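For the sequence shown, the positions run 1 to 234 when UniProt numbering is used.
Since the hints were derived computationally from the structure, they do not count as laboratory data.
Nothing here was measured: the structure is a model prediction, and the numbers come from that model.
Take these hints with a grain of salt, some might be off.
Unchecked claim - Listed below are the simulated SDA-like cross-link pairs for lysine to any residue, each with C-alpha atoms no more than 25 Å apart in a straight line:
| # | residue 1 | residue 2 |
| --- | --- | --- |
| 1 | Lys161 | Leu39 |
| 2 | Lys217 | Ala207 |
| 3 | Lys94 | Ala76 |
| 4 | Lys217 | Gln90 |
| 5 | Lys94 | Phe53 |
| 6 | Lys156 | Pro40 |
| 7 | Lys94 | Ile111 |
| 8 | Lys94 | Asp43 |
| 9 | Lys118 | Met145 |
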Amino acid sequence: MGKQYILQYQTKTLIDTVEIRQLGHIGASTEVHPPPSLLPFNDAAVDLISSCFTGRLEDIQFITNAFSSPTGSAPARCAIWGMPGLGKSQLTLKYAHLSFELGRHTHVFAISATTVEKLSRGLTNVLQPVQHLERYNSDQASQLMAARDCFEHSEKYGFVKWLIIFDDATSETVSFLRQNLPRQNANGSILITTRTLEIAEALTSAAGHRHPVYELKALSPMQSAELLLKTAGI
1 MGKQYILQYQ TKTLIDTVEI RQLGHIGAST EVHPPPSLLP FNDAAVDLIS SCFTGRLEDI
61 QFITNAFSSP TGSAPARCAI WGMPGLGKSQ LTLKYAHLSF ELGRHTHVFA ISATTVEKLS
121 RGLTNVLQPV QHLERYNSDQ ASQLMAARDC FEHSEKYGFV KWLIIFDDAT SETVSFLRQN
181 LPRQNANGSI LITTRTLEIA EALTSAAGHR HPVYELKALS PMQSAELLLK TAGI
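Could you put together the complete structure from these sequences and hints?
Next comes the structure, spelled out in structure tokens:
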């Protein structure tokens, strides 16, 4: 009887030990891990900024102020419009460079907005660095929805203070942009360039709110003279 009692006790102790270890393993497997961290990067072609870039301080300040204004839970938007050749792309590149260097934006995405194909490819490119499950999905609509989710809930994917530059939006791409632009996440900023006021206004009007629109004009005579001297190396 004594040996049988000892055997039963040892068996129960062994079972209890196994159960405790199993519970410990379960607890470890359900532990909440911090979200992944995506290293900062600037995808804008800042090397294309002209060495003669000058002036435009007021223009850069306008963009800075636009992105500093409260927008509720939505990303801030700003559209720059003006005739070809005024330097809209150069201005956005300069802003992206300064903003990234100062830490205002830690992740900068630059996308050509001239065609729907380029827009679709540019937006869905975000799925690769964040290792999103939809990155290999052949269905474009699913990928675009996943890409928008990445920007709207970017903290889940390891990046927070993001900036997207959509360069040279056209009448052919307005509808696509309005459908696929991120609508949530106050930590994000969207900078758009286009040639017409109509397109600029169409892309900065969202949820009953009108975001800032800015007309880029030619350099003043003084700025033009400064540019000429800088180009000549004087």
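Now the hints, each set against the structure:
| no. | hint | in the structure |
| --- | --- | --- |
| 1 | Lys161 x Leu39 | holds, 12 Å |
| 2 | Lys217 x Ala207 | violated, 29 Å |
| 3 | Lys94 x Ala76 | holds, 18 Å |
| 4 | Lys217 x Gln90 | holds, 13 Å |
| 5 | Lys94 x Phe53 | holds, 9 Å |
| 6 | Lys156 x Pro40 | holds, 15 Å |
| 7 | Lys94 x Ile111 | holds, 15 Å |
| 8 | Lys94 x Asp43 | holds, 13 Å |
| 9 | Lys118 x Met145 | holds, 16 Å |
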